[in-house]
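*Asks:* For reference, the chains in residue letters:
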Amino acid sequence: MDDILDGIDQIDCDILVIGGGTAGPMAALKAKRKNPEANVVLLEKAHVKRSGAISMGMDGLNNSVIPGYATPEQYTKEITIANDGIVDQAPIYRYAEECYGIIQELDQFGIRFQKDQNGEYDVKKVHHIGTYVLPMPNGDTVKKALYRQLRKARINISNRFMATRLLTGEGRVAGAICVNTRSAEFLVIRAKAVIMCLGAAGRLGLPTSGYLYGTYENPTNSGEGYSMAYHAGAGLANLECYQINPLIKDYNGPACAYVAGPLGGYTANAQGDRFIECDYWSGQMMQEFYDELQGGKGPVYLKLNHLAEETVSEIERVLHIVERPTRGHFHEGRGTDYRKQMIEMHISEIGFCSGHSASGVFVDRNAETTLKGLYAAGDMANVPHNYMLGAFTNGAIAGTESVDFIKDVDFASFDMGEVDRERERVLAPTKRDDGIPPNQIEYKTRRLVNDYLQPPKVTAKMLTAQARFEEVRHAMETEMVVKDSHELMRALEASSVMDCADMAASASLYRTESRWGLYHNRVEYAQNDEDWFCHTVMTKGSDGKPSSTKRDVEDYIVPLDEADKVAYANQRVTADTVAAE
Amino acid sequence: MPLAQTSTAVPVVVDDALCIADKGCTVCVDVCPLDVLRIAVQDDGTKTAYMKYDECWYCMPCETDCPTGAVTVNLPFLLR
Amino acid sequence: MSAIFDAFSDIDDLAEDLNDPSPGARIMAVMELADSADPGAIPYIASAITDEDAGVRLRAATVLTDFDGPETSAALVIALTDVDEEVRKAAAISLTELKDPEAGTPLLSCIASTNEFVKVAVLGGLKELRRPDALAPAIEALQDASPVVRAAAVQVIGWLQDETALPAMMAAAQDADANVRRTAVATFGFTSGPHAEAALIKALGDENWQVREAGAETLAKAGSSAVQGDLMVALDDEYWQVRLKAVRSLGKLGLTAAAPKIGPMMTLDIPNLRKECAAVLGELADPGSVIFLQDYRDDADPDVRKNVRWALNKIAKNVA
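Sequences listed follow chains C, D and Y, in order.
Mapping to my numbering: the first sequence position 295 is 295, numbers consecutive.
Just add 581 to the spot in the second sequence (first one is 1) and you have my numbering.
Just add 661 to the spot in the third sequence (first one is 1) and you have my numbering.
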């Protein structure tokens with residue numbers, strides 16, 4: 001295993017799903033169910049059993065729109081305002097309408113949601129506007145349940161193949177070029193439609209621990225989706241709207257205040273007082289967090305030590321079993337106990353993730369990108385704040401829509417020269433005897449991201465970043481060396497990380513205003529609705545460099561009146577604010 | 582430039598006495614999202630799993646899914 | 662070239678290794694059978710439930726989570742009395758994953774077991790299956806000497822949402838064990854009427870704070886204006902958690918007469934409670950609450966001041 005072998009094979013399928021984490025399995029299942037005759041292939045660079053952001057499960061839904069608790073209209077309004085208005089509402093509304101059906105379906109798969117003593121969904125209210133939180137007490141079984149469904153549906157699963165580039169021809173997608181992570185053998189897959197579900201770009205910034213893999217996101221989510229969409233010519237929206245999350249310091253796992261919140265826990269400053277004004281997980285909230293950390297009132301903590309013993313035990317049970325189960329070990333090692341002291345929090349390194357913000361590969365309400373036949377869902381597609389349930393729901397949408405698309409098309413023809421050139425690019429580090437290993441290339445890229453791209457954003461620093469990235473890219477292209485196929489996978493990931501770093505810098509420089517709180521806090525510019533109430537869409541320019549344009553925000557289908565704006569948006573309550581209903 | 586051989590303490594520990602890699606088990610190797618585990622052949626020909634690459638997200642599938650309880654995931658020293 | 666797709670192997674071939682002399686090989690066979698996700702694998706995995714090796718039996722009990730139906734539950738029932746504790750626990754967990762009501766038949770046939778562990782596990786499996794014929798045996802199980810059995814039985818009854826079970830639920834709400842009472846009190850959420858109210862009001866005076874909390878919370882679903890006085894008494898509970906649920910229920914039931922009692926609670930030093938009081942004063946929208954709220958427009962706690970402003974605005978609208 002891990003030797004570098006010389007091999008290449010080619011297969012055909014109707015629908016190729018890339019990424020077997022959350023959105024991908026759902027896309028494959030839905031496509032197969034809608035058209036059992038369709039040849040659906042699910043590709044995964046690790047193993048579908050335990051891959052992606054929820055490899056160990058998830059402790060709850062924080063955006064469930066369940067009849068009786070919230071309406072699609074309410075939800076669409078909230079998400080619009082949490083993203084400072086820069087959203088196309090149609091995909092959000094469609095998600096909100098369809099997600100309840102997906103919850104019920106997941107329930108049938110054996111994924112369990114918290115129910116009360118009458119067996120009804122036990123939806124929790126976290127703030128006075130909407131009610132969207134649905135805990136998952138046995139959320140550790142999510143991946144297992146999905147795998148079972150995939151096997152039952154007899155989906156063709158291809159583990160250990162990593163897609164490196166999409167193939168295009170006739171103005172649409174034609175397939176993908178893939179490489180085996182344990183043998184370096186190539187696989188060319190021709191497909192009539194491709195659904196990308198490759199997750200966030202979670203290896204963009206460097207965690208404060210300095211450990212390359214100590215990231216907030218599962219580090220396998222290294223931005224291949226963003227990079228591949230970019231090189232294929234698809235548009236990427238609002239990449240300057242970074243992902244930054246509050247987390248348990250050093251452990252770098254989510255603090256899950258939304259799990260503790262309904263039970264009375266909260267985020268507090270060093271005095272033990274609440275300080276967050278913002279009701280939403282948003283850039284505004286992260287700005288408040290940052291200000292508290294920098295403003296002398298920090299550190300910031302997760303506060304549970306005012307709760308009864310019985311309540312703390314209940315919270316621990318959820319937080320330590322599901323999503324990041326090593327969290328219990330971490331506190332044990334540190335000698336910290338929720339009962340006795342507050343737990344130090346921090347903010348994460350930067351990344352791209354539409355699960356938590358508004359950036360990502362641009363998609364419409366059918367999950368289709370700007371490239372015909374290419375769909376995207378989950379953390380890499382720009383349906384804002386879609387989280388895990390959004391990945392499932394939008395994955396389902398992509399799966400069913402792609403079945404309609406392939407009805408009338410055959411394989412697009414493509415230039416075989418593309419494959420040869422890609423093989424040469426991928427295998428270049430295997431042809432060198434010495435040089436720079438991928439981990440050093442990646443470390444340096446990510447260290448530079450921290451030094452120069454982390455908000456608050458400063459023009460001169462971002463220009464410096466671009467110059468330094470170019471030097472590291474040159475080293476990557478001419479000196480990177482790998483000794484086995486596992487390292488080759490890391491080399492390809494380093495290349496995606498580099499592409500994402502370039503895109504982050506370029507997108508941030510393009511939007512000359514501040515927006516989304518800390519996510520795009522450009523200290524030299526204020527928010528400017530007149531010039532910048534729009535999406536920015538990045539594509540690969542003719543010079544091979546990122547190129548951005550403005551794109552109008554679609555007319556709202558759920559209009560916001562002034563009262564809504566005050567109730568939902570004016571989260572920073574100043575002396576003269578009067579909150580409306 | 583020549584490459585160095587620098588030591589690193591790795592977080593995943595396997596109890597050789599419990600590991601059934603000898604019987605063809607590769608569960609921990611399969612489920613690691615970062616694919617950092619491999620099967621080693623000992624001097625006496627027996628096989629056991631071990632952590633080959635220092636790229637751990639301390640996420641636990643290897644420990645949870647091991648059918649014989651042979652795997653323990655510690656936190657990497659840098660963030661302990 | 663490496664294999665491109667995960668194989669779908671023949672079940673009988675996979676099962677051959679169940680006869681291998683090495684327990685490790687048999688464990689592998691059980692896991693591969695499970696990965697097939699093919700119901701045809703159930704009889705083979707069920708046969709491994711009685712393997713001589715505890716590790717093999719543990720794996721079989723664990724992977725049966727992936728399957729459903731009476732054959733699966735029958736095998737799991739056997740594992741519930743395994744000599745090995747790990748096997749027994751795994752079987753109990755797998756039982757809770759069943760979805761097919763048919764799987765309930767083997768469970769019902771052993772519900773009269775005198776073994777506490779078996780009984781709890783069987784009731785745990787029956788809960789989500791919602792079989793009407795589980796009601797009578799569950800009610801009977803409320804007489805069991807073990808409080809763990811009684812708590813499991815109460816849950817089965819609660820999920821069935823059957824009004825005819827009300828007398829049994831009321832009795833369970835008076836159980837000697839606090840956890841049984843807490844669970845029983847929460848089962849009244851689906852119903853309403855004087856019986857439910859009486860049980861819940863009684864819960865508000867329980868010696869255990871979590872029972873009182875469950876009572877206060879469930880009254881929002883099952884109570885009427887008749888419970889106003891009792892919820893107002895609960896506003897003086899020694900546990901702020903109980904007071905918080907009482908405040909919330911008064912708000913949900915729209916019991917405006919409680920506002921003068923909730924208003925003074927704004928002076929308390931418990932941010933979670935003050936936040937809830939402000940929100941409820943807004944929901945009740947009684948003009949008399951303004952004097953309690955106005956001093957907290959600029960409260961140091963952001964959640965409290967947001968709710969205070971929202972409430973003052975709501976009251977102003979109500980007056981206009």
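Just so you know, not all the hints are guaranteed correct.
Claimed, not checked - Straight-line distance between alpha carbons at most 27 Å, and here's what the computed BS3-like set of lysine-lysine pairs gives: (1) Lys115/C x Lys922/Y; (2) Lys750/Y x Lys144/C; (3) Lys604/D x Lys633/D; (4) Lys144/C x Lys633/D; (5) Lys124/C x Lys750/Y; (6) Lys34/C x Lys750/Y.
Claimed, not checked - The calculated label-pair distances, taken between Cβ atoms and stated as ranges, are: (7) Ser663/Y x Lys431/C: 20 to 30 Å; (8) Pro36/C x Glu801/Y: 42 to 52 Å; (9) Thr766/Y x Lys483/C: 50 to 60 Å; (10) Tyr556/C x Ser886/Y: 50 to 60 Å; (11) Phe666/Y x Lys431/C: 56 to 66 Å; (12) Asp671/Y x Ile8/C: 41 to 51 Å; (13) Ala981/Y x Asp408/C: 33 to 43 Å; (14) Phe666/Y x Gln104/C: 41 to 51 Å; (15) Gly233/C x Ser663/Y: 24 to 34 Å.
What the hints assert, rightly or not - Every beta carbon over 12 Å from chain Y, so not counted as near; a handful from chain C, in silico: (16) Gly119; (17) Gly265; (18) Glu316; (19) Ser413.
Think of the hints as simulated: they come from the structure by calculation, not from any bench.
In this text the structure is predicted, and so the values were computed from the model without any measurement.
All residues carry an ideal CB built from backbone N, CA and C; glycine is no exception.
*Asks:* Go through the numbered hints given earlier and state which of them the structure violates, listing their numbers in rising order.
*Replies:* When the structure is compared with the hints, numbers 1, 5, 6, 10, 11, 12, 13, 14, 16 and 17 turn out to be violated.
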